[in-house]
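Fit chain to chain and form the complex, with the hints in mind.
What follows is the residue order along each chain.
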Amino acid sequence: MKKFKVMVIVCSFLLIGGLATIDSSLAAEPYHLGVDLAITGTGALYCKDGVDAIKLAVGEINAQGGFLGKHPIKVFIRDTHTKPDVAVREAKDLILRDKVRCVLGTYSSACAVAIKPVCQEYKVLHIPAVSNSENITKVNFSPYTYQVVPNSYMQAKAVVLGVAELAKKKGWKNYVTIASDYEWGRSTQQNTVKLLKQFAPEVKLKKEFWPRLGETQYTSYITAIMAQKPDFVIGSVASKDNVAWMKQAKAYGFFEKIPYPGSLISISELIIQAKTLTRGLVGLCRAPFFAHLDVPMMANFVKNFKAKYNRYPSDWAVMEYDAVYALKQGIEKAGSIDTEKVRVALKGTTIDTCRGRLFFRCIDNMLSCSSYIGVVADDPKYPFPIYHDVVEVKGPDSWRPEAEIVAARAAKK
Amino acid sequence: MDISLIFAQFLSGLSRGMMLFLIASGLSLIFGVMNILNFAHASFWLVGAYFCYTFWYLMQDFGFGMWVSIPLAALSLAAIGWFIEVVLIRRVYNRDLPEQLLLTYGLILVIGDLIKLTWGVEDKLITRPPLVARPVFFFGMPFDSYFIFVILVGFTVAVGLWWFLKKTRYGHIVRAAVFSREMVSALGIPIPRIYTGVFALGLFIAGLAGAVQAPVGSITLGMDMAVVVQAFCVVVIGGFGSLLGTFVGSIIVGEVYAFSILFWPQGALVLIFIVTAFILIVRPWGLFGTPMRA
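Those protein sequences? They're chains A and B, same order as listed. This note's numbering numbers the first residue of the first sequence as 1 and each following residue consecutively. This note's numbering numbers the first residue of the second sequence as 1001 and each following residue consecutively.
So here's chain B without its partners, still in its complex pose (with noise of 0.2 Å):
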């Protein structure tokens, strides 16, 4: 086996581990800092492929198109983000978790039928520009120049989901949010404001991964249903709420995926929730979560 055959598989499960971070780290965000288990993070996920799909058909006969309507659907869930924290999730923060799932399960079937009625049952696909339409070659063996872009996407959201997080004054807050939300609240910050935030954040991210998904394939109904598993499994591994942990389970899971592929191609599946239920089993709270959290 060559090394290029390697490199090209390394790349495929990396890019497979960025979309999966992309869905994942603003499910693992909301969750660090809320409290709040997302259950509709992946319906929101797909709301952002169609707004996408809205945008670049409004500017499809421009070569920007595409890149325009990504950043736009992830500003459009931002802004949904900020009115659903505001009208609903508020109202749950004291609840149990049960209640909390329930909401958020029943944002699920809405958005489900909203999108029917938006965008109706046909499948949508957005033409990609000719500059991530064609292959590139590493060692001789190519690779779709489209997943190039979306690894740099994904390297781009985690450092500045770090650079927000470590460096910011607002980044401060919200982590120190999340140890301590009455000394955050004695000190005169105003948590809802920032629980409006981050949740807008998440979505944002949300928005952003589905953009960046909907060019791959098809749009359709029922997306998210297939991928919310897999984000699962990552925050699992990773840890609820740990960014570097969000960061390293999706790496893990991509390229178990892809390794397994290569070797052993009915059981690629299978290894993922064997991993981790391994990981359930070693280090319940996750590979850099904290035992409080689990």
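Excised from the complex, chain A in its bound form (with noise of 0.2 Å):
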């Protein structure tokens, strides 16, 4: 009797430390995050700030014991050189070697395009912050993929609403374009093309140029748009290409004789270029922060970003911050840490994000995110120049509708 009552007792403290050992292993479950962005490359310009923003946002939730107060976020950063194939690499490595449950990313729409069915693959959240081209998420669908971006349809759709109605002011007739070659290059200008001819069809395409990912001399383009004598020029060009096209533009007064209305100058060339950049310019932007210092989110991040880096976040910094916080809202309304039922959590569902109250549609795992468009100014508050007189067009107003993108994958079948 003696001997089974030892027994009990120390099978009770088996029991009862084996418990309290699972259940701390639990606890102490660490959620593996993964970055798959340009640290090298075309895109560097913009992905420093989006990682530092991530570190930042995960620095916050971390000091509240991790996501769930329980799950401390440990982070894996690849760098993908801007180039698909690498960006491919490291998303392997990263789901199969450090085990993460989310790949946030990318920089340079090929990469995404590239990385989505390797996440869909092995089951493993992607969230696009960067890259922006809609066949991530229009056709090729994949259930673990969601964009916190406005995609290239929604910001050409932006572009093209205000150019429209320039051109009817200003009597405009023709334009030419200048896109990247690659991804989000061609995805964009098709998709201004299109949409000018269903908003503007007064207003005809003389002629489209094609300079490659990374070029660095733009002479030639130069010359050669101005040699078509176009009423306006619609540009897709972005991070250090923009940059070098921007600048060399300059240098030739092009912005003084054509309008360029509506290229991408995100926070990140205003930074860069605050002393140099034409004034008066129209221009495109993803997420620009003075847009929304009245949400109590923004004005924290921006403050905290600030104080951290000493520097303003860019776009780029602002969705991947969101990005976090929101994987952070969907594991709070799943409860849990599993990718599944993450996934399935954030399904429709309306999240807090540095932009205000956003849901992600339900057909593409698009967030409702807007798209901004406003004059460049000087402003007194910053060290750089700002967008004056912003435009905002809302994601639900610019967006693609359902039945085409239906429509789209049925033809992909």
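This list has only true hints and no planted wrong ones.
Distance condition first, Cα-Cα at most 16 Å in a straight line; then the derived EDC-like pairs of lysine to aspartate or glutamate:
{"hint": "1", "chain 1": "A", "residue 1": "K169", "chain 2": "A", "residue 2": "D231"}
{"hint": "2", "chain 1": "A", "residue 1": "K207", "chain 2": "A", "residue 2": "D231"}
{"hint": "3", "chain 1": "A", "residue 1": "K303", "chain 2": "A", "residue 2": "D52"}
{"hint": "4", "chain 1": "A", "residue 1": "K229", "chain 2": "B", "residue 2": "D1002"}
{"hint": "5", "chain 1": "A", "residue 1": "K275", "chain 2": "B", "residue 2": "D1061"}
{"hint": "6", "chain 1": "A", "residue 1": "K275", "chain 2": "A", "residue 2": "D379"}
Cβ pair distances, simulated, as ranges:
{"hint": "7", "chain 1": "B", "residue 1": "G1267", "chain 2": "A", "residue 2": "A377", "range": "36 to 44 Å"}
{"hint": "8", "chain 1": "B", "residue 1": "E1099", "chain 2": "A", "residue 2": "V139", "range": "44 to 52 Å"}
{"hint": "9", "chain 1": "A", "residue 1": "K306", "chain 2": "B", "residue 2": "A1277", "range": "51 to 59 Å"}
{"hint": "10", "chain 1": "A", "residue 1": "P201", "chain 2": "B", "residue 2": "A1277", "range": "39 to 47 Å"}
{"hint": "11", "chain 1": "B", "residue 1": "Y1105", "chain 2": "A", "residue 2": "D98", "range": "24 to 32 Å"}
{"hint": "12", "chain 1": "B", "residue 1": "D1113", "chain 2": "A", "residue 2": "A274", "range": "24 to 32 Å"}
Please keep in mind that the hints were generated in silico from the structure rather than gathered at the bench. All residues carry an ideal CB built from backbone N, CA and C; glycine is no exception.
Below is the structure:
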């Protein structure tokens, strides 16, 4: 009997100890978060801010114990070199070696499109927050991909609405396009041309120019465009290519001669070209912090980002920060870090972001985020020009109709 | 199509060609004299751009900052070239081509990481002085005044190299070394020192090219990979080791690119490769190369 009692006590201790161990291991299970961004290469200009914002968000969440207050986030950052093959290799490595449950990224839509099927195959969440080709979510749909950046269609439509208005006012009849020759450039240019045909049919496309991604010298393009004598030019050039293009075009007096409305001039360009950027340009951006300082989350983010990094956050920082918090809210709604549960929880859900309360559309997991158009002008509050007269084109007013997405997917099959 | 446009496009092609010449001439010189195919040449070009940024950053309050930074960057690269030749390159002269390529390819990776450690991953931007920040007009067409400077530097380097190789004693020795190292050595001329000088000169030109490129756009990691292919096209068209060939090849590539943008924008890059492939088939040693080198 005594032996039996001892055994019961020992077993009880073992059981309690075991349960405690299991419980504590559950509590301590970190959430492995992968980041697949272009630390080097064409996209480096945008991605450094993105990485810094992710680190800031992770630091804030970890200060409260991590996701659900008990899953500290461990971040694994990889460099895609802005190359799709490298992005795929790194995404696979993040998934297989580092066991990440979610991959945040990516710069270059080609990279995003390339890693989407990898994440789907391994059932890992994928949140693109910089790259924005609509093909990331429109066709070959992956239920694991949630996009928190206004896509190329939404941005094109926002530009077109503004340009159509200007064309009517100014009597513009023709235009040319210049777009970087890769997934995003092609997708944005094609959407813009198609939508302009629809909203301003009197305006005709004269010629298209396709500088390769990574082009360093635009002189031949500039003179060739000027030779066309277009009423206006639509540009889809991003990151360091955009800096080179704008710097060289300005040296030609290009912007004084030809209207250049609605090209991508993100906060990065506003900051880096503060001294040289032509004032009065009508630009487009994806998530300007100054447009939402009335949202407490944005105000806090800007304050904390500035305190930590001693600079203002770019669009890319805002969107990567939102991506981390979108994931957090998905996990909270699911009550678990289990990827399948989080994926289902995010479907159609409304989340708080720096850009206000937004929702994921069910058909394509696209966040209902806005595009922003404004006039580049100096502002005494900032050491760089910002947008004045900002027009916010809401996501639901600019995204592709669901019927067209269904048709595009059917055609793809 | 009016003459002013044709001229503007010609100038544009010429400036692109001169930029390529600055990159390719050092590459061609090193291969021509030392028989080393320096795969890392474009990486040194990029280092030149970063050096230029650093010097400019230190002197940005002065109007002459950019003008002084460019030669300083070139000289810095010459010093680096001297060091690398003595420490690394000298050891692979008698090795097979794959081993030389492996070494210079390894240098690309090392240089990439060193740039990351030294300058970080953020883009660097040089603000041009007012003199070269506005357009000049030819027949009523504007042209970026900075590229006039680029064209002048390109021609100066071409003439300077020609003068050096044809008119100076040291240049004669270098040219003689191309044909027979043994004979030059037998005359009591120290070949290693000649090679060190040539490698340093090649990197001086690479540094100059990088520094001249720096104020054109932003300076960022990966830029080197974008230009290296076109630089190789230039030396293939002109003929490896031929200065005149490199010069003509650069102008061909620049002008083909510029005018195809005008007439067939989608095919600009394709045309360059078609020209390169055609020359490789018809004249494998390039327009001004020698069959011996083919």
